[in-house]
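Trainee: Required output: the full structure, derived from the provided sequences and hints.
Spelled out from the first residue to the last, the chains are:
Protein chains: 2
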Amino acid sequence: MAEKLLGSIEAGGTKFVCGVGTDDLTIVNRVSFPTTTPAETMKLVIDYFKQFDLKAIGVGSFGPIDIHQDSATYGFITTTPKLAWENFDFIGALKKYFDIPIAWTTDVNAAAYGEYVAGSAQGLASCVYYTIGTGIGGGAIQEGQFIEGFSHPEMGHMIVKKHPKDTFVGNCPFHQDCLEGMAAGPAIEKRAGQKGQELPADHVAWAMEAYYIAQAVYNTTLLLSPDVMILGGGVMQQPQLLPKIRFEFEKMLKNYVKTPLLEEYIVTPKLGNDAGTIGCLALARKTAI
Amino acid sequence: MAEKLLGSIEAGGTKFVCGVGTDDLTIVNRVSFPTTTPAETMKLVIDYFKQFDLKAIGVGSFGPIDIHQDSATYGFITTTPKLAWENFDFIGALKKYFDIPIAWTTDVNAAAYGEYVAGSAQGLASCVYYTIGTGIGGGAIQEGQFIEGFSHPEMGHMIVKKHPKDTFVGNCPFHQDCLEGMAAGPAIEKRAGQKGQELPADHVAWAMEAYYIAQAVYNTTLLLSPDVMILGGGVMQQPQLLPKIRFEFEKMLKNYVKTPLLEEYIVTPKLGNDAGTIGCLALARKTAI
Ligand SMILES: Nc1ncnc2c1ncn2[C@@H]1O[C@H](COP(=O)(O)OP(=O)(O)O)[C@@H](O)[C@H]1O
Ligand SMILES: Nc1ncnc2c1ncn2[C@@H]1O[C@H](COP(=O)(O)OP(=O)(O)O)[C@@H](O)[C@H]1O
Ligand SMILES: [Zn+2]
Ligand SMILES: [Zn+2]
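Top to bottom, those sequences are chains Z and W. So in this note's numbering the end of the first sequence lands on 862, straight run, no missing numbers. So in this note's numbering the end of the second sequence lands on 862, straight run, no missing numbers.
Calculated from the structure, these hints are not laboratory results. Predicted, not measured: the structure shown is a model, and the values here were computed from it.
When chains are identical, the list treats them as one kind, so a pair holds in a single copy or across two.
Below, a list of computed lysine-lysine pairs in the BS3-like style, where the Cα atoms sit at most 25 Å apart: (1) Lys628 - Lys616; (2) Lys817 - Lys827; (3) Lys669 - Lys623; (4) Lys588 - Lys655.
Mentor: Shown next, in the form of structure tokens:
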């Protein structure tokens, strides 16, 4: 009899990535579906997983989501701006077809967990993972546990100081000039009139970007002092950004705390685009035990 | 035979508060010594505790301190501006006289722990505690564990946006206009030319103070979303401050996350000045088991 597999669902705002893997976190199959409505998208997800003999599923979802096991709406996506998904009972929809343990967390927590078990934070006691893409999100892990309380983190909306040369007013629909409003991909595009991928490496936008992300790294250092700070997402594919962020961070910190070596402290994800899938598989593995 | 007692040391920058208590966290005796040199102060501490039959001691110390059990300088105060105490082997000095389990954390973590086990966070799964006094410090607890990584938090130095009417440049020797540089007691005094205790309740300084502290509460909410946020220290003795902070926080959050009721979410310490002692006793009790 073949070994049962682990299932992984990265539920993103534009696409769902579903995959299956083995206990050693090898991805054996992976597909992707557009995020349309729960009825359409979840049908594809369920049909996909029906092909396999699964022992557990790990879900990392866009949010906000309800993570409280004792809540009546545990496993729901809650107040998302994607209205078709508002108050959608994600775990309930899966449980109808798969009577197996299902782990449930945010998309960025899942990626953080992937990096924690098998990536840039492997062997360390704690990490923080930021994704800087269409939005900005963050997740934190200490001793295998997600940092959370009344809800999961929403680090992307922290307060930042404006770069002295920046005239862009910000585009967060909630806070206007929060971190996400100043530094997510769409903010870069709106400020420069061009997508990040098209801007030259020496464009002033990257100095501003580094200044904003360094503030996030700085505040996160003071609040959590994780063993490593992992920066992922599309925007971080600009290779000139990481050294600029380290430089700005060092200027802000003024040696106030003694961090690990910056080249080891502020890094990109070792698993790249696989962080989310591997994280979901690892969460499935953990919940199956 | 009398029951053995728990010892508590709150090692502050201006004074040491030592006490003993019972397993139910009742303080049975407490004294205070000025913080001068390690030789002088620690002699008083050791002579004090020699009077009792102790089973464990909990220490909450000013810092920065080394909290890594596997470090060669575990139990040391490290790079403090109080030069006489720099690189002082605090736990080593105690261990010479008391061959019993000793718990070791920061002063603000100890107060946070007191509130967690017996104060405003009792019965909750997580909390953050800020002290706003001569300096600003913060500690966080989740499921009984301190939030920490390569070191303990230093939340007092986070980045804040300047209040539009504030002309004070800030007085943090490291960062100038960080949270502590704009909002600790000495900053209030320097801005207004008068100590906080002497300013009228409707002075504009309190609107600014509330704006800065609300930013700390806001960022901490996004990073940690603790079940309760406890604000202590001398400055918080101004009763008009707490409602102003809640008001500013609500304005910043724009309903982006659904926090607990603000009257229950942003509160002052239930244990008041006993939070530190009770926290150290509770840490001693935990390490004695
Ligand atoms: N190589 C790149 N350089 C700069 N910006 C990029 C790059 N790739 C993607 N982006 C920006 O990142 C955003 C998309 O983020 P991404 O992480 O790829 O996906 P998502 O966040 O939607 O999952 C877009 O705003 C895009 O312009
Ligand atoms: N009732 C009060 N109102 C406003 N400010 C106060 C009050 N009491 C103390 N402070 C200020 O708090 C600071 C001292 O903080 P405190 O928490 O009492 O001690 P410490 O931080 O040194 O342990 C001083 O700057 C003082 O001016
Ligand atoms: Zn925002
Ligand atoms: Zn500072």
